[in-house]
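Two independent chains are provided; combine them into the complex using the hints.
Read off the chains here:
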Amino acid sequence: MRKKLRIYVPFINAGMQETTTYRVNWLFYMFGNVLGCFISYFIWNAVYNSSENSTMNGFTMPQMIVYIFLMFLTSTLVSSGGTYDIGEEIRDGSIAMRLIKPISYNATFLFQELGNKAMTICILIVPMVVGVEIVRFNFTGAVQFNILYFLLYLVSCVLAYLINFFFNICFGFIAFVIKYLWGANLMKNCIVGFLSGQTIPLAFMPEVLEKVFLILPFASLNYTPVMIYIGMYNGTTLLYFLGLQVFWALFFWGLSKLLWSVSVKYLAVQGG
Amino acid sequence: MIYVENLRKEFKKTVKEPGLKGSIKSLFYPKSEKVVAVKDISFEVPEGEVLGFIGPNGAGKSTVIKMLTGILTPTSGVCTINGRNPRENRKSYVKEIGVVFGQRTQLWWDLPLRETYGVLKEIYEVPEDKYKKRMAFLNEVLDLESFITSPVRTLSLGQRMRADIAASLIHSPKVLFLDEPTIGLDVVVKDNIRNAIEYINKEEKTTVVLTTHDLADIELLAKRIVMIDKGSNVFDGSISELKNRYGQIRELHFDTDTKNAEKILSYGQHFNFEPEDLSVECEGSQMKVRFNSSVVPVSEMLSYTLGKISVNDISVKDADIEEIIRRLYKQGVE
Numbered sequence: 000m001r002k003k004l005r006i007y008v009p010f011i012n013a014g015m016q017e018t019t020t021y022r023v024n025w026l027f028y029m030f031g032n033v034l035g036c037f038i039s040y041f042i043w044n045a046v047y048n049s050s051e052n053s054t055m056n057g058f059t060m061p062q063m064i065v066y067i068f069l070m071f072l073t074s075t076l077v078s079s080g081g082t083y084d085i086g087e088e089i090r091d092g093s094i095a096m097r098l099i100k101p102i103s104y105n106a107t108f109l110f111q112e113l114g115n116k117a118m119t120i121c122i123l124i125v126p127m128v129v130g131v132e133i134v135r136f137n138f139t140g141a142v143q144f145n146i147l148y149f150l151l152y153l154v155s156c157v158l159a160y161l162i163n164f165f166f167n168i169c170f171g172f173i174a175f176v177i178k179y180l181w182g183a184n185l186m187k188n189c190i191v192g193f194l195s196g197q198t199i200p201l202a203f204m205p206e207v208l209e210k211v212f213l214i215l216p217f218a219s220l221n222y223t224p225v226m227i228y229i230g231m232y233n234g235t236t237l238l239y240f241l242g243l244q245v246f247w248a249l250f251f252w253g254l255s256k257l258l259w260s261v262s263v264k265y266l267a268v269q270g271g
Numbered sequence: 000m001i002y003v004e005n006l007r008k009e010f011k012k013t014v015k016e017p018g019l020k021g022s023i024k025s026l027f028y029p030k031s032e033k034v035v036a037v038k039d040i041s042f043e044v045p046e047g048e049v050l051g052f053i054g055p056n057g058a059g060k061s062t063v064i065k066m067l068t069g070i071l072t073p074t075s076g077v078c079t080i081n082g083r084n085p086r087e088n089r090k091s092y093v094k095e096i097g098v099v100f101g102q103r104t105q106l107w108w109d110l111p112l113r114e115t116y117g118v119l120k121e122i123y124e125v126p127e128d129k130y131k132k133r134m135a136f137l138n139e140v141l142d143l144e145s146f147i148t149s150p151v152r153t154l155s156l157g158q159r160m161r162a163d164i165a166a167s168l169i170h171s172p173k174v175l176f177l178d179e180p181t182i183g184l185d186v187v188v189k190d191n192i193r194n195a196i197e198y199i200n201k202e203e204k205t206t207v208v209l210t211t212h213d214l215a216d217i218e219l220l221a222k223r224i225v226m227i228d229k230g231s232n233v234f235d236g237s238i239s240e241l242k243n244r245y246g247q248i249r250e251l252h253f254d255t256d257t258k259n260a261e262k263i264l265s266y267g268q269h270f271n272f273e274p275e276d277l278s279v280e281c282e283g284s285q286m287k288v289r290f291n292s293s294v295v296p297v298s299e300m301l302s303y304t305l306g307k308i309s310v311n312d313i314s315v316k317d318a319d320i321e322e323i324i325r326r327l328y329k330q331g332v333e
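Those sequence lines, one after another, are chains F and Y.
If you read the first sequence in numbering that gives the first Met the number 0, its first letter stands for residue 0, the second for the next number, and so on.
If you read the second sequence in numbering that gives the first Met the number 0, its first letter stands for residue 0, the second for the next number, and so on.
Just chain Y, with the same shape it has in the complex (with noise of 0.2 Å):
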């Protein structure tokens, strides 16, 4: 459905020496320097699938999503979707793509949130009946009934959302790009644009590619991710792939009586661990400790532990997504 490979972009960028001095400087010797927003990428997404594309801020995602839904030229490398190119014939392109960018708004600012939804039926060229099928649908999923009446400008944020993603919905587009549709939004909101993302993919098959830092959202709605960093892949596969390669991170709690029970300990001397692989967090009588299972089983750490020291209360939890990912910002490219 969706294949990209080896895509970059370039861009230029004009750089400005700091102060007053420096505006003044540019303002006759304009130096620009040449930035890579996207460096090398390669994923593929099949028909129908949720995929979840993830990385830390300024990794390049957004770019990525621009290329793909045709807004920006790639210096070099190929997007195609269902074989198509996006910058080739746009118009016809765009039909068959939903798209909602977070931070902006495809609705119109000034008038109410209904005629919105007018001028985007004639868009598309959506028939009358279908139309109204099509409403009262994402009416049911979004809830928008509420609101519809009023203006756009006086919308809260997720009331925007919402309506902004029943937009890009209207013609039933067969591949939806959401860029951090989630951004700023409470709780319950969050829960039904997942519950309307989810429902939409099953029932229509829409192919779905997902940009967020909110790790629920993925956990809950991709079945894949692929990972980016500084413009280039880091890591693609299932989320329990990526927990098996990278999350064989285990975090043991305990309460212990034993006074100097990390140096009673040592762990990092007596199993070896590199630095990376271990980390201890004590707070008077609370220790924490997080290690890489794949080098210490957790039945040894277990009983090495209880060995040492007296333990009153004890529990093991599995590293969460979050931790991982956390894990890969800050190490960066692998």
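Here chain F stands alone, though its shape is the one from the complex (with noise of 0.2 Å):
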């Protein structure tokens, strides 16, 4: 396993590379997520300064900001290009590299993909975190922070991460069928992030949907984390969902090993 697992250690190295090349692409898109994040919050106080009610579906207007800032913080780091990789792969048929190396075909996306995704995660865990406790601060005049629940989000955010990586797998393998995924990837995209929370919270949900919506994937990929970071979930609550996030993340692998068994046999290289 180990000697297995060495194979793959060059392309976290290689995916951290790739990142600096092109580092001022890498700052504009950090740029535009955090200005994605700032849109939300002056919405969010736009509804609430409307309002009569200070609590909203069990929202307080600091919650409100906090949930904000940290399902950005959980988005960005479970996200995951696996769809959009594969697809442009299979369109210009430069997958035809990968299936002459002998390596697992999913493995090497993992990995470049942590490897990406590393700067990432050192440039913006700590001011996020910092931020958002500095808010709660403000609030409730206590310190919030508490290691326990910090912890235990970073595991959920693995599991998010994992999930959502095998989950944009299985969706790239669509395109061995229509071949080219730019649309369905932007339609993927908009239903995630209403399923998973992004764009409002489950809570704000009716009750019945909520519930359905908390079984599905979409939830364990940002709404479990944030809600495990700010202490929402506890004892048997808190370990029913970080089962499920287990669950959701073996299904949508072995969904991955299966679909790829299958859909390989209908690769066609697309050019030359």
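Hints listed in this document are in silico derivations from the structure and should not be mistaken for laboratory results.
Misleading hints may appear alongside valid ones.
Claimed, not checked - Computed cross-link-like contacts, BS3-like style, restricted to lysine-lysine with a CA-CA straight-line distance of at most 30 Å:
| id | chain 1 | residue 1 | chain 2 | residue 2 |
| --- | --- | --- | --- | --- |
| 1 | Y | K38 | F | K3 |
| 2 | Y | K90 | Y | K131 |
| 3 | Y | K38 | F | K100 |
| 4 | Y | K94 | F | K264 |
| 5 | Y | K131 | F | K3 |
| 6 | F | K256 | Y | K12 |
| 7 | F | K264 | Y | K131 |
| 8 | Y | K11 | F | K256 |
| 9 | F | K264 | Y | K12 |
| 10 | Y | K33 | F | K256 |
| 11 | F | K256 | Y | K120 |
| 12 | Y | K94 | F | K256 |
| 13 | Y | K201 | Y | K242 |
| 14 | F | K100 | Y | K131 |
| 15 | F | K3 | Y | K129 |
| 16 | Y | K30 | F | K100 |
| 17 | Y | K38 | F | K264 |
| 18 | Y | K11 | F | K264 |
| 19 | Y | K90 | F | K100 |
| 20 | Y | K15 | F | K264 |
| 21 | F | K3 | Y | K15 |
| 22 | Y | K11 | F | K187 |
| 23 | F | K264 | Y | K173 |
| 24 | F | K187 | Y | K24 |
| 25 | Y | K173 | F | K3 |
| 26 | Y | K90 | F | K256 |
| 27 | F | K264 | Y | K120 |
| 28 | F | K187 | Y | K15 |
| 29 | Y | K94 | F | K100 |
| 30 | Y | K24 | F | K100 |
| 31 | Y | K173 | F | K100 |
Unchecked claim - Covered by chain F, per the in silico footprint, the following chain Y stretches (three or more residues, Cβ under 8 Å):
| id | stretch |
| --- | --- |
| 32 | 63-72 |
| 33 | 110-118 |
| 34 | 196-206 |
Note that the Cβ used here is the ideal one computed from N, Cα and C, for glycine as well.
Take a look at the structure:
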């Protein structure tokens, strides 16, 4: 197993170097994301200011702010570009170059992306967490940071990333059938954004929908880690949601293996 | 070593009628048709041989290579290398082969070239000392030293191709597939690459399957040719066999003072040539006669020509392989 993993270490390394090659692009990307985050902050600000109640569906204004920024941090940490990458490789036929190597197709993507991500994680996580804690301190007058919750949050993020990665891989294999994924990917991002609580907290949904959404894998992507961080899940609830994350991670891992073995037979390498 | 029998590959292709109207129509009623890229191909390659795998554009060469390298699944038929099926247990299979697709690269686009080799070393689990020796060897053969620290995207095509060939050889594969390794390269680089391939074939008994449109590659490297067209075998044998079978074409060049020489000679009528066995070009006093020497021997053609008209300068040329292949490509399957 260790020997097997060693094969993929250079992919992490290469992924990191790739990110640093286009530094300015990376900075713009991060800047755009932060900007989007502030847009939703101002929208919710307006919503709370025009409302008579100071609490909406159990969220106070400060809680909402914390939610928005944590959601931004989480979705950046667990984001995965697998769908896009696979789609592109199938569209231009370069998937052939990956297939002639004695390595697992999925694993190369996984480790390369971890490398790509390493820098994002290093640069983003400390200022975001500090910022969120300052906001919480300001409103409550006490330090809210809980190291246990924070560690559980990190565990949950890793699980969420694995779910997202393998889900995206599964989705990417659609490209074997439809050849080009740009449109389908856009649709997927919208739906996932909504179902995972990225746009609106799931608590804002009607009760029946909320229950359904919480079981679906998408809530495991962003909602569960954020809820763990702000201490909404405790005891058995916490274990239940972590367990659900493990289940979905295994489910999509298995599905991606199955889909890979089926779809590779239909592969038509385009061009050349 | 390599064994291919009745290999066939079909693709489904969406057909679109021309123009915007056709595009909209195919958006709602997509029509697809079956395309047979490889119809029925069989050949064998013994260990240590260099096989020239040729055919006109669209003949199905690349598709066959892709099936042999385990990228595509054949619709039917058998292809095995060392008795192993590329589609079964892909990971251990591809460890024994090296592949270069001239139009693609397996190098890491944004990283210095050296990094790609480092990654490949780990992928193929090459031990450190072997890797060092191997890199020294490849550097000597392909001359990588001057650009090994440059990012791949900044390499010239010739450098990239040499780097790609080196990348496919790091793990000392038993079989090397080269799909158009000299495409778009200048004469010197082509020579370098040919020498490298020849050297590696001789030194390490590497079996090489080479597809190319540059027939000099074939003449210099391949002992045997498999020619395919429209997805079927057209020819399988050595270059001299090819010349014997199709190459009885000779070219007669001469300079004459006689006017209307072409009419006076009228080879076609005199010798009863079939149209494909004879072509006559006349430019001023220069004449170029291409004929099939198995119909009329060269000596007879010469004495007939010299007897009929006055000739200043005459020469007979062997048809080169290029001419033979041009004829074959034009005719299609015989």
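Here's how the hints hold up against the structure:
no., hint, result
1, K38(Y) <-> K3(F), "violated, 40 Å"
2, K90(Y) <-> K131(Y), "holds, 24 Å"
3, K38(Y) <-> K100(F), "holds, 28 Å"
4, K94(Y) <-> K264(F), "holds, 20 Å"
5, K131(Y) <-> K3(F), "holds, 22 Å"
6, K256(F) <-> K12(Y), "holds, 27 Å"
7, K264(F) <-> K131(Y), "violated, 38 Å"
8, K11(Y) <-> K256(F), "holds, 25 Å"
9, K264(F) <-> K12(Y), "holds, 16 Å"
10, K33(Y) <-> K256(F), "holds, 29 Å"
11, K256(F) <-> K120(Y), "holds, 26 Å"
12, K94(Y) <-> K256(F), "holds, 21 Å"
13, K201(Y) <-> K242(Y), "holds, 25 Å"
14, K100(F) <-> K131(Y), "holds, 21 Å"
15, K3(F) <-> K129(Y), "holds, 20 Å"
16, K30(Y) <-> K100(F), "violated, 35 Å"
17, K38(Y) <-> K264(F), "holds, 18 Å"
18, K11(Y) <-> K264(F), "holds, 13 Å"
19, K90(Y) <-> K100(F), "holds, 7 Å"
20, K15(Y) <-> K264(F), "holds, 25 Å"
21, K3(F) <-> K15(Y), "violated, 46 Å"
22, K11(Y) <-> K187(F), "holds, 27 Å"
23, K264(F) <-> K173(Y), "holds, 26 Å"
24, K187(F) <-> K24(Y), "holds, 26 Å"
25, K173(Y) <-> K3(F), "holds, 23 Å"
26, K90(Y) <-> K256(F), "holds, 15 Å"
27, K264(F) <-> K120(Y), "holds, 29 Å"
28, K187(F) <-> K15(Y), "holds, 27 Å"
29, K94(Y) <-> K100(F), "holds, 7 Å"
30, K24(Y) <-> K100(F), "violated, 41 Å"
31, K173(Y) <-> K100(F), "holds, 15 Å"
32, 63-72, "holds (count 6)"
33, 110-118, "holds (count 4)"
34, 196-206, "violated (count 0)"
Hints 1, 7, 16, 21, 30, 34, counting from the list given before, are not met by this structure.
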